[in-house]
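For the record, the sequence lines run as chains F and Z. Here the first sequence stands for residues 232 to 483, where the numbers follow this note's numbering. Here the second sequence stands for residues 232 to 483, where the numbers follow this note's numbering.
Hints listed in this document are in silico derivations from the structure and should not be mistaken for laboratory results. Think of the CB as a built atom: it goes at the ideal place given N, C-alpha and C, for glycine as much as any other residue. Hints are supplied without guarantee of correctness; some may be wrong.
[Unchecked claim] Below, a sample of chain Z positions facing chain F; criterion: calculated Cβ distance under 10 Å:
hint	residue
1	Val-244
2	Leu-258
3	Asp-262
4	Ser-271
5	Glu-274
6	Val-276
7	Ala-289
8	Leu-290
9	Glu-294
10	Lys-321
11	Val-323
12	Gly-346
13	Val-369
14	Arg-398
15	Ser-400
Single-letter residue listing:
2 protein chains.
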Amino acid sequence: MTKSPRFQPVQPVRAYQRIVEQIEDALARGDLVPGQRLPSERELVGQFAVSRSTVREALRVLESNGVVRSRPGDPNGPEILPFSSSALRKQVARLARVDELTLSELIGFRMIMDGAAIQVASRLRTAEELAELEATLVAMRTAIDVDFDAFSEADLAFHELIARISRNSLIQTCNEVVRGVVLGLISDKIAHAPNSRALMLESLQHHAEVVDAIRAGNGQAAARLARQNMFDYYAGYVPDSEQETLRALIED
Amino acid sequence: MTKSPRFQPVQPVRAYQRIVEQIEDALARGDLVPGQRLPSERELVGQFAVSRSTVREALRVLESNGVVRSRPGDPNGPEILPFSSSALRKQVARLARVDELTLSELIGFRMIMDGAAIQVASRLRTAEELAELEATLVAMRTAIDVDFDAFSEADLAFHELIARISRNSLIQTCNEVVRGVVLGLISDKIAHAPNSRALMLESLQHHAEVVDAIRAGNGQAAARLARQNMFDYYAGYVPDSEQETLRALIED
DNA sequence: GCGCCGAACTGGTCTGACCAGTGGACTGGG
DNA sequence: CCCAGTCCACTGGTCAGACCAGTTCGGCGC
């Protein structure tokens, strides 16, 4: 039996795309590393044998993808950036804006990710990391007396630490991305909640319970607590009709 | 207590960025919907009062983000695209290429996501959806006799169905994205495995067990089976040193 | 030795031009 | 009347050359 050749739909490749490819390939091969500089636009014109408009279109694409950054007047040329999740966040934020994503889906996602991360973390954590977690709790307590932004920052540090302990940077990145999107949607409401101080104290209490479970090595319990915590914290902002699916995540 | 004004770091905003913003905002507001057409570049020059280079740079950015598509000669102008996860996948693939992401992290992520989706699905599934799942199993069995690509496709359908039943499109999208990246990394190895037929049969068997657990409404067991299944399927491609963290995901 | 200043760059934008390709209108034949 | 073929206005892709504002750095004067 001969397999049919499986032709690909042919689509025109623009010049600027090939430039983007070349630069991304160089980056993938390691010929280009973050911090390095690209030649100036006018020099690239010579190297790629295209016009400056074409070079610039390629640079704009790379820039919007967070690969490089151009600064006017910089004699060193465009800079290769280290990877950042900002481009990823932009994409997810777009998803959320087009309303393909509801708040409950975002929060459900975080409940799953954070719960799983905590479960793994409670197994893999070292004594030092446990101490770090406890230190973060103290920082959260202190931040409550400052303002909501400070608390939010300390909370972020807590979850980033968890993700790090779980030894999976994808979880870390996803958490960061989704957290950013969620906060972008409702941070104003939270900040203006009349009883925000009480909310923060309650959240702190929940986090402490999670750390207790981690200390005890009880991953299941820690994960359940974490999901419950997040549900309590955010459920008020989710329409009633969407709460059922979230509830399915805390019972098990 | 007066709050300090919290100034933002001021950074120059380029003309093309403002065009991108305007178009994205119009999209977010619903003034622009997928399928609609943008005016031609030369007309946008007039509306935005900038040069064509600037308009084009904006369009290139939007195009690389998967928002629009330009076709040469099309008198209707650039097309607004429906959302697709391809841009998201591109970002994650970039992450993986820069080697900030290891294969084990990707697989661990899938184990978590898929396990969680299955756990939720086993609670929320309707009778019809259960029947759909069973139909997918049959399709997988049939596909084994065709080739690996067909099986892979049927497997994809299974996991997409699971994600849909879990009522969370973010899980669905993430699974799709990460799965694509993982397959991009190792699909050649799998396809050329000498005993690929046996592997497929085993995978099918595991999927059937998962469906059994879902039918019984035993979410915990279904999730554990799913994680175990994925571990068995992919563990061979993961360096020994990275397997420990994955094992932490199957025990609980 | 120190600080000021200007020249030689940088990127950002604009103008105007050419080309290959598209698709709709127009026209001729049935 | 309808349909098929032709043609042309217009599209996006690319190019060349120009100007401006801003940065950097070396040399100049103090």
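These are the hints, each one checked on the structure:
no.	hint	in the structure
1	Val-244	violated, 12 Å
2	Leu-258	holds, 7 Å
3	Asp-262	violated, 13 Å
4	Ser-271	violated, 17 Å
5	Glu-274	violated, 19 Å
6	Val-276	violated, 14 Å
7	Ala-289	holds, 8 Å
8	Leu-290	holds, 9 Å
9	Glu-294	holds, 8 Å
10	Lys-321	holds, 8 Å
11	Val-323	holds, 7 Å
12	Gly-346	holds, 8 Å
13	Val-369	violated, 23 Å
14	Arg-398	holds, 5 Å
15	Ser-400	holds, 6 Å
Of the numbered hints stated above, those contradicted by the structure are hints 1, 3, 4, 5, 6, 13, listed in ascending order.
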